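Taken in order, these protein sequences are the chains called A and B. Quick note: the first sequence uses my numbering, first residue 1, plus one each step. Quick note: the second sequence uses my numbering, first residue 1001, plus one each step.
What the hints contain is simulated information worked out from the structure, not anything from laboratory work. Careful, some of the hints might be misleading.
To be verified - Cut-off 27 Å, straight-line C-alpha distance, at most; resulting in silico cross-link-like pairs (DSS-like, lysine-lysine):
no., chain 1, residue 1, chain 2, residue 2
1, A, Lys-2, A, Lys-89
2, A, Lys-294, A, Lys-346
3, A, Lys-222, A, Lys-165
4, A, Lys-247, A, Lys-302
5, B, Lys-1247, A, Lys-6
6, B, Lys-1089, B, Lys-1158
7, B, Lys-1089, A, Lys-346
8, B, Lys-1302, B, Lys-1346
9, B, Lys-1247, B, Lys-1222
10, A, Lys-247, B, Lys-1346
11, B, Lys-1006, A, Lys-247
12, A, Lys-158, B, Lys-1247
13, A, Lys-2, B, Lys-1158
14, A, Lys-158, A, Lys-134
To be verified - Over the 12 Å line for every Cβ pair with chain B, so calculated as not near, a few chain A residues:
no., residue
15, Lys-2
16, Thr-35
17, Glu-119
18, Ser-150
19, Leu-163
20, Ser-203
21, Pro-206
22, Leu-215
23, Leu-269
24, Gln-270
25, Pro-316
26, Val-366
27, Ser-370
28, Gln-371
Every value quoted in this text rests on a predicted model; they were computed, and no experiment measured them. Where is the CB? At the ideal position from N, CA and C, for every residue including glycine.
There are 2 protein chains.
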Amino acid sequence: MKPAIKSFVAPHRTLMGPGPSDVNPRILQALSQVTIGHLDPVFVDLMDEVKQLLQYAFQTNNALTMPVSAPGSAGMEAVFVNLIEPDDKVIVCQNGVFGGRMQQNVQRCGGQAIMVQDEWGSATDINKLEQTLKQHPDAKAVAFVHAETSTGVRNDAKTLCALAKQYECLTIVDAVTSLGGIELDVDGWHIDAIYSGTQKCLSCVPGLSPVSFSLNAIEVIKNRRSPVQSWFLDMDLVMGYWGQGTKRAYHHTAPVNSVYALHEALVILQEEGLESAWQRHAEMHDKLRDGLEKLGLRFVVKAESRLPQLNMVQIPEGVDDAAIRHRLLQEFNLEIGAGLGALAGKVWRIGLMGYGATQRNVDYCVDALSQVLK
Amino acid sequence: MKPAIKSFVAPHRTLMGPGPSDVNPRILQALSQVTIGHLDPVFVDLMDEVKQLLQYAFQTNNALTMPVSAPGSAGMEAVFVNLIEPDDKVIVCQNGVFGGRMQQNVQRCGGQAIMVQDEWGSATDINKLEQTLKQHPDAKAVAFVHAETSTGVRNDAKTLCALAKQYECLTIVDAVTSLGGIELDVDGWHIDAIYSGTQKCLSCVPGLSPVSFSLNAIEVIKNRRSPVQSWFLDMDLVMGYWGQGTKRAYHHTAPVNSVYALHEALVILQEEGLESAWQRHAEMHDKLRDGLEKLGLRFVVKAESRLPQLNMVQIPEGVDDAAIRHRLLQEFNLEIGAGLGALAGKVWRIGLMGYGATQRNVDYCVDALSQVLK
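From just these sequences and the hints, can you work out the full model?
Structure below.
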């Protein structure tokens, strides 16, 4: 039976949840340009620019830097399936949802995940990681989340990587919510494999996952004992298409228009400059914090490990979580994030990411909350 | 070092290669609407409409019908990693590139691929499949490509599935290039698992892969002995998000804007009607064939197994493949496809897909070829 469904008209929201964030209209414009072929020489040039722009954003010279043609979860999987083989030991630091997802990934590669657990809302404890490294001298890698989207915690990536390197481990970093929002220095911090998302502090549409692998990581991939279990995410095959030179082997059809959009998002980041973008996120966070605290809302995460781009506050006693978020969406077209996992119903997560990290959004959000919490 | 890269301006091509095909401007318009959250109730309603529209396009009542958030190759992988476990035997019919990719997928799941080989350019031989089914009574599934994009061959999906069912095998079908272009009847033909792409006869931007699984296939997934090796493509987890009801569990961030685009592409297909779309592809193919034959170009595939949407012709003696395609692109902004694998340099593949299957494109292509082949 033929359905009778009409064209979709999207409502205009203000996106202040955990992502997607408000997309810059320049990016939507870039996205909607006419599609060209994925092997068109013009597109190959665009791919090269995207790689160069991603190297800037990640602060790396890694040649193997490119967007995976799928969302951040696929970027995570790309990193694990290429680096981890059956029986490999990986130390995973968990203090939120996404550390748990890393554990899942290690296990599905046949690896063993050694967990370093910290409370959701606290940063990863360096001493715990060091103890675990001592107990497992045969660990192949240390994996952690730089910016835990589920809690708003910033883990100290620089120190965690330095420690892992002392024990000769590969370093695997989830930068889905950190890229473009807070300092991140892939080469300076000795990160071997990293993945991010487009829909957080890059303010691009969701759907791609920028990744980068160090020479060290490539060496590990080259010396695998077994084939990569995923054909789609096998970096050796992917690089036949995303690699150097003008000759590119067809692997899969690149999401051409999404690549246009990512390119524009990265051009915008380059125009602003990394340091200015980090600074803007920090400043807007301060303003939002002041506004929320004036409303009596309290932050869960200690000041020193708070992410500027993801603000987790306690829901006041007696306030109905779902009803408030429903009113914000219906009356203000404003989206804020719910709590995940054990934090569901207890917290809100307010995003200040990329194009949305502005005075206008800060004021709008504080004002809307003040009205619905009256 | 901060690069100095400028915004990208896409050239306006006419896409008559193996895909992406020319995108309907209505779809680009839908794509560029403001982004909303992937858990927004409005988006959840949109997802339900997309499922309904895909059920129409696939001609199925399968509840597990949805787009995988990545290109067709990931859709292929989603089907294999969910259905195939270590030591499973899968009979794979190959007569082009994509049958070979199926073999790769089976092997990376730890399964054994029993190959039924036919020449590239010929259809799969039903008798060969029957012999192989007799020799391997323990085969779990039969997999084949409905429309071989690498050669322009239509395999007789209805008959192949009926035969596989006689031997109690699951049927796995690649419909990347067939969906929307030629007859396809998932329920009527007893297809258990099918995947497609958005950028062929749906004329949408590349990046998503519609899939559908029968109740039979779901039963097989439920009774797996081992976890699905991919976290991102694990249908059990994905359905927590794409499943029934208003409550959706976060799995990954859906590529929101790409889903807008797919929705619009499917609304357009619904407006035209499946049968009319197939008819249009057939008619335009006839016109293109007449035009190409007048230029002295010869089809490789026999008339009875030719795909209307992918026309493979021999490159005439003494003609420089790359030079001609370069001139078409530079002088006419016209993309046609090169040969893949063993056919590289020997054939061209001319696509007539979706929005591009029009009199205008047929005439433009024949005229451009007549000029560059003079």
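Cross-check of the supplied hints:
{"no.": "1", "hint": "Lys-2(A) to Lys-89(A)", "in the structure": "violated, 53 Å"}
{"no.": "2", "hint": "Lys-294(A) to Lys-346(A)", "in the structure": "holds, 19 Å"}
{"no.": "3", "hint": "Lys-222(A) to Lys-165(A)", "in the structure": "holds, 20 Å"}
{"no.": "4", "hint": "Lys-247(A) to Lys-302(A)", "in the structure": "violated, 51 Å"}
{"no.": "5", "hint": "Lys-1247(B) to Lys-6(A)", "in the structure": "holds, 24 Å"}
{"no.": "6", "hint": "Lys-1089(B) to Lys-1158(B)", "in the structure": "holds, 22 Å"}
{"no.": "7", "hint": "Lys-1089(B) to Lys-346(A)", "in the structure": "violated, 49 Å"}
{"no.": "8", "hint": "Lys-1302(B) to Lys-1346(B)", "in the structure": "holds, 17 Å"}
{"no.": "9", "hint": "Lys-1247(B) to Lys-1222(B)", "in the structure": "holds, 22 Å"}
{"no.": "10", "hint": "Lys-247(A) to Lys-1346(B)", "in the structure": "holds, 18 Å"}
{"no.": "11", "hint": "Lys-1006(B) to Lys-247(A)", "in the structure": "holds, 24 Å"}
{"no.": "12", "hint": "Lys-158(A) to Lys-1247(B)", "in the structure": "violated, 39 Å"}
{"no.": "13", "hint": "Lys-2(A) to Lys-1158(B)", "in the structure": "holds, 22 Å"}
{"no.": "14", "hint": "Lys-158(A) to Lys-134(A)", "in the structure": "holds, 19 Å"}
{"no.": "15", "hint": "Lys-2", "in the structure": "violated, 6 Å"}
{"no.": "16", "hint": "Thr-35", "in the structure": "violated, 5 Å"}
{"no.": "17", "hint": "Glu-119", "in the structure": "holds, 21 Å"}
{"no.": "18", "hint": "Ser-150", "in the structure": "violated, 10 Å"}
{"no.": "19", "hint": "Leu-163", "in the structure": "holds, 27 Å"}
{"no.": "20", "hint": "Ser-203", "in the structure": "violated, 9 Å"}
{"no.": "21", "hint": "Pro-206", "in the structure": "violated, 5 Å"}
{"no.": "22", "hint": "Leu-215", "in the structure": "holds, 19 Å"}
{"no.": "23", "hint": "Leu-269", "in the structure": "violated, 10 Å"}
{"no.": "24", "hint": "Gln-270", "in the structure": "violated, 6 Å"}
{"no.": "25", "hint": "Pro-316", "in the structure": "holds, 23 Å"}
{"no.": "26", "hint": "Val-366", "in the structure": "holds, 20 Å"}
{"no.": "27", "hint": "Ser-370", "in the structure": "holds, 22 Å"}
{"no.": "28", "hint": "Gln-371", "in the structure": "holds, 21 Å"}
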